[in-house]
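Asker: Read off the chains here:
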Amino acid sequence: LSEAEKFQVKYDKYRNKVTMRIADLEQALKNAKHKLNEVNKTYANFVEIQSKRNSDKYGKFNIYYKTIAEFDKQLLFYNHVEEFLKIHKDANGGADKANEANRLKARELKEIFDKKNEATEEKFAGIRAKRTDLEGQIAQMKSDYNAKVENIRASGASDMDAQLVEAKNELVANSTRLVNALNDLPSKKMVKALYKEEKNESKHAFNRDRKYLKTNYTEETYAKQQVIDHMMLEYKFEYSDARYFTEILLNEMGDLAIEQAKLKVNQIENEKKEYELKHSDKFVGKPKSFREQIKSLFDEKFHITILALPVLGIVLMTILPLIFSILIAFTNYSKGHIPPTQIFNWVGLENFINVFNPAEGSMYSFLPEALGSTLLWTLIWAVCATFTNYILGIVVALMINKQSIKLKKLWRTVFVMTIAIPQFISLLTIYNLLKPSGVIDQLWLQMTGNRLGFATNGNVTGTKLIIILVNIWIGIPYTILSTTGILLNIPKDLYESSTVDGAGTFKQFTKITMPYILFVTGPYLLTQFVGNINNFNVIYFLTGGEPKLVGSALNVGQTDLLITFLYKLITDGSNPQYGIASTLGILIFAICAFFSIVMYNKTGSIKEEDTFQ
Amino acid sequence: MKSLKARRILSDVIIYVILGVMTIIWLAPILWLVLQSFAGEGVAARAKWVPSTWTWNNYSALFSNFTGYYDPTVTYHGYDGLFFTWFMNTLIVAVCTTIISTIFVLGTAYALSRFRFSSRGLFMKINLIIGMFPGFLGLIIMYWVMSEIFHLQGSYWALVIIYSAGAGGGYYISKGFFDTISKSIDEAAMIDGATRSQIFWQIILPLAKPIVIYTVLCSFMAPWGEYITSSYIIGLNNVKNWTVAIGLYKFITDINLVNSYYTQFAAGSVIVAIPVVTLFFCLQKYYVSGVTGGAVKG
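First to last, the sequence lines map onto chains E and F. Per the working numbering, numbering of the first sequence is gapless, rising by one per residue and ending at 1239. Per the working numbering, numbering of the second sequence is gapless, rising by one per residue and ending at 338.
If we strip away everything but chain F, and leave its shape as in the complex, we get (with noise of 0.2 Å):
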């Protein structure tokens, strides 16, 4: 009997190892990059897990230059006061894309979990096949569309429509959610008198609120963070159009451009994470909520 406690306790301290190495880890990384951005000594500091001098200088460097609107008559240096006009932008279109591409998820995924129509095994299928190829090979039309059709070339509003209106295919995950709520509910609130749209609204949607929340957040973190389209449809000549990932993306790849940007992208990397990761934090029970109850029915 000994024996076997002891080896349960064995079992517990190895995974405790095991667990406290993983978060090292996990956390190494993004600790790195914080205290990146506060390096005072530009590029060597990525020879170094610590820097050797500090400053507030990258963060401030960020916003140096601004004033409040990029104005095409002033020459700027490299791409001095630009993020914050960026940060704006990614704003933006993060928030349309939430608002829209939520109420298309959410209300495809109730349309298909509650209602039997004609045509919903084929739309089933067809969304599956299409979510076989990859997804941007749209994006040479899309791309043609945009300028020719819409006059939006360059612009982040075209990457609103684009995030946003191919939403409603990616209902799986909350249709598996909807799927474990009682039809019975629904029969219920019919026999009292409420419409199929007040059913949705008033009784499905606060029932399934960690799946509303999983759904927002990944609809604000998919734009939040999205690099191929962006930069693809607005373009590199559109500075003032970029979104962060794109500008971020630059500051670390551009030759030219990496010695002196180096810890600016470590400071704006940890501002564009802060949002996300707060907003993490704070719905996190709901998320994994979301991803235990809606994922497991794939």
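Bound-form chain E, shown alone (with noise of 0.2 Å):
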């Protein structure tokens, strides 16, 4: 044979064997797969595959068809009621059969188990036989090999290596062929890994299939049992859901087991629609993409994004600067303890105690009496200041409204000037038209002889009733403004049966006009009264809270209110007293808060929020 044939022999020869393994291998994925196939069919129903694969797709979204899942289980067991029933009941008397029929499939199941173990014993009995026989033929080859060498030597004869030459060539071509047969057998590890992986595996089939064959059945835990398999294999129930499942339908449903069953199910398919459209926007079989998110944030949570900044904003420089301003009141955070170059500390209520019960003689004994008629004259202002632009202001918008009168544009213009100039402006003028040596304070002195003495300590009274006064030049436009929407609003049809029933104007006013815009200003009012306990302008820029508190170590004043009280302390620079200015800051915003939660609780109309829409 030539070189190229030769070679073409075992290109053929090696080829063939590569084909035949490809082919091998591609019947075992073959297999494979319609092994996994099967094995998806059998031990999973559709949902579960669906969860399964969205749980390892989706990490943690998985409890959206894990409960789905749950939901079908569920809705496919009560749907299914009436069978299983029906199962359970001709499954009544049978249990003795059953037994018997399983005492002989079982005794089957052991011949088969045995005829099976015989089977692998005899394979692997023959697999060794058949080794123990090479090896022996090999062993008898090399002694006769070794008898024939002692032989030849014996002989002594000429041609002896010769013969010794062939007798070994002999020996070499017949082993060679079997020492290759023996190589070919499995190793005797494999063998004995082989045998026993055979004989464990026959024996928990019979194990496992022998279980299944109860022949201690009664009748009711035969019925059980049918009701159980049937379960699991017509509707590919888990065992553990099956049992459930029929512990539920034998034992809690009772006899109107069927009805029952209708109105659950009713029930659970409202409970996962409820589920599927609560979670609708969160789960729609996949999260969101990340461009979906941001589209999401101008859609949807629109809200989110139009609330971040203005959320942002109150935090950061409302709500944070406040809690420590209130955490202030808690210090000795004043005059001497300024950081960075001195140290201030909490001092516990010693801010409350210097307000409420100071020592005798320290610079804040004159604060109980200071604080005390200012937040008298507070309360009194707040009063007057709110009732008097509320009455009066709705008195002037109902003569504004009124039918008959003309010029409706230009009264209510006259009014907003009064809004459109800045306050100060406004407030400024007055109090120079009032200051001594102003216009009307010469009219006053013309008039009655003497000075009006406006924010002096010779006119408190007449002081305090001009701030109101003033007030109610500044703040009558707004009430005017505000009120006048709910004005026309009053339904007509009252005023038209009040007149046939021969109401005057007066009585109209005090019984139908008043009660329906406090009931529908409630909100309105309570916000003007905070507004007034707060209202700083027009104390600061009228007197500045003049005249002075006689004797008040600090720069209080007879007209000052708490909150002009309280910017003194903070902007006085020679002698600021933080730590006091927030403990009285508590102080106006407990009076707030009380004064709001009473009014709250009187007024219907802050509560009923969504009525108006």
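Since the hints were made in silico from the structure, they are not lab data. No false leads were slipped in.
Below, simulated BS3-like cross-link-like pairs (lysine-lysine); rule was C-alpha separation at most 27 Å, straight line:
hint, chain 1, residue 1, chain 2, residue 2
1, F, K223, E, K921
2, E, K927, F, K165
3, E, K1118, E, K1137
4, E, K1032, F, K45
5, E, K1035, F, K45
6, F, K325, E, K1028
7, F, K45, E, K1028
8, E, K1174, F, K290
9, F, K290, E, K1194
10, E, K1133, F, K45
11, E, K1118, F, K325
12, F, K223, E, K899
13, F, K249, E, K1035
14, F, K45, E, K1034
15, E, K1061, F, K88
16, F, K249, E, K1034
17, E, K815, E, K756
18, F, K325, E, K1032
19, F, K223, E, K904
20, F, K88, E, K1090
21, E, K1034, F, K325
22, E, K927, F, K249
23, E, K1061, F, K290
24, F, K290, E, K1090
25, F, K280, E, K1194
26, F, K45, E, K1118
27, E, K1137, E, K1034
28, E, K927, F, K223
29, E, K1035, F, K325
30, F, K45, E, K1137
31, E, K742, E, K825
32, E, K961, F, K290
Beta-carbon label-pair distances, calculated as ranges:
hint, chain 1, residue 1, chain 2, residue 2, range
33, F, G233, E, R834, 55 to 63 Å
34, E, G1128, F, T220, 34 to 42 Å
35, F, R160, E, T1082, 46 to 54 Å
36, F, W197, E, I1006, 37 to 45 Å
37, E, L882, F, T220, 51 to 59 Å
This structure is a prediction, so every number in the text was calculated from the model and none was measured. Backbone N, C-alpha and C fix where the C-beta goes; we use that ideal spot for every residue, glycine too.
Now that you have both chains on their own, put them together as the hints suggest.
Answerer: This is how it looks when you write it as structure tokens:
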């Protein structure tokens, strides 16, 4: 044979081998796939497959699919309750038969198992025998060869060497075939392992099958088992679920099982729908992509986008400073304790003690008295300012809106004018009018012979009265504008019927207009009241708190409100009292909160927010 | 019948008289201020209804020595030449604040009116509680934050931040107005495929034009005439960064200044009031309907 032909033969051999191997592997893959399909079909119903797949794919989102699968399972059960009951009923009386059948089957199984064991033993005995046979042959051949060599050496023939070589060649030729055959057999270790595996497998299979062939069924357990089997075979329930549902079916549902099941189906369907609806935006099959999330920030989550900055601003620039300011009330942050060159520290309730019950002779000993008078004036001021503005504003609004009155726009414009001008300008102007040597002061002097004494110790009560009057000048326009809309909305038929009943204008005002407006503007009144307690501008620009309170170490005046008092405490450049100021701030809050809660409970319209829409 | 008609006429006449008197009372101080701004006799004019000598000098004095910018190397006589700087400062603060806080207020109001989210009630309650604390209690901290963290001590930009940051809390009136706009409009737009953002910008805002203008006006007027925060944050030393409110207040309350600056105060006040009053009268229609539409609901 030439080299080329030799190569060709070798190549063909090799190719055949590889092709066969590939075919083998492909077959194995096909089998595996088939097997996998079978496993999937047998051991998991479709929802679980889906749930599993999704849970692998989307991690935390699988809760949704789990819940849905749970609902589906329950629906599946409750939808087929009738069927299950029928099976339970049919199974009645079959226990003995089943026991007998199972006993037979078990015996059969045992036989099959024994046979299989025998077959295995036989198979492996054959393999082992083959090996020992080959080994024996090789050993025989070796001993034959040795004997032959002995013989040849003993004979001492002249062609002894040639004979020896021949014998050796013969041995090699024979033994190579045997050794190759021996090598082709699986190794001893492998045979042992294969044997063990096959034995175990058949043993497990037997045990598994034997387990289900119960022979100790009572009527009850047999019927139950039938139902469980049916659930598992027909509806692919897991064993644990099937057992659970069977317990429910037999122990909890009782006689009216079918009716109950129908109700239950409705209920669960509703729950499922609700759940799906509730999570529809979060779990539409898969989590949202980044782009979709951004998009949703301009759609169903637009409130997050639009509230982010305002809320951040309120938290950082309003709430946090407020919290720190409140904390300052519990420190000695004040002149002599201002960082970074000095240190301030917690002092507990010292500031509160200084405000309400200071030590005799300390610099704060004037505080309770000053605070008392300031507080009293603040409350009087808030009540007077709120109600004068409110009532007079409504009266003027009624006058302007009276049908027979012309030039409505002109009157309204006059009042809007005072809103348009910045308050500090109008208030400082009025201050200039009232001030000693101001025009009104001069006029007063000419009329009464006395000076007006605005913001001086000579006329404290008068000053307070004037402040309230000036506040009417400032505040009425706002009330007029706010109540105009409400007045236009009062149902007209109320007035008509009351006129028929003989009610006069005044009576209509007290019996119809006021109650209606009071109801609708309750919240407005509350805001106004709180706003007036904190009304800084009017006092600060008109009097600046003057005249000064006699005997006060700090710069507090007799017309100061709590709020201007507080402002003076923190802006007093030479001796700022931050701790005391914060204490006053908390006090103001307490007062406002108190009135708010009282009013809140009295007025209905705050609570019924959504009824307006 | 005749007596009834007579009574009606009588009551009308009484109302006209009352309204007339009120008009005089309400306009008198404003008119007086304008007259004072033309007074030639200085602080002595305060004692007269009508000044005896007339002059434009009060106005020209406000802008005298004015070089267009504040030059720290020049020694100023009093506050001469600073008014224009203050005016521009105030304008910058007011315009910036208006833009930011209008968006904040309307956005917050829309979100609270149209969306129902979990922390909504909490937010509204907290906002209500904040409103009961005196507003400038936080100023002590604010002053520190502005100077130490933002390094804006004495700068009017600090005012822009302070005015607009917390603006979202004043959503009440706008929300009341948005509540009156029917939700079915939103729903109809949503069916047509509009997003919530499009609904807000293209449907609700045009419908809520009165409240938008009302919010713009209020946001502009608040910093325009604001004194407490600005005086505390900017401080009395940073003269060139003052707003008009601080300057004019200083003119009239400083005993050393009031004699020479009284009439300039009047002139300055008129100048400060003119832009707002003009704005107000142009947009009065919207302001009124904004207040009457939104305030009712609190």
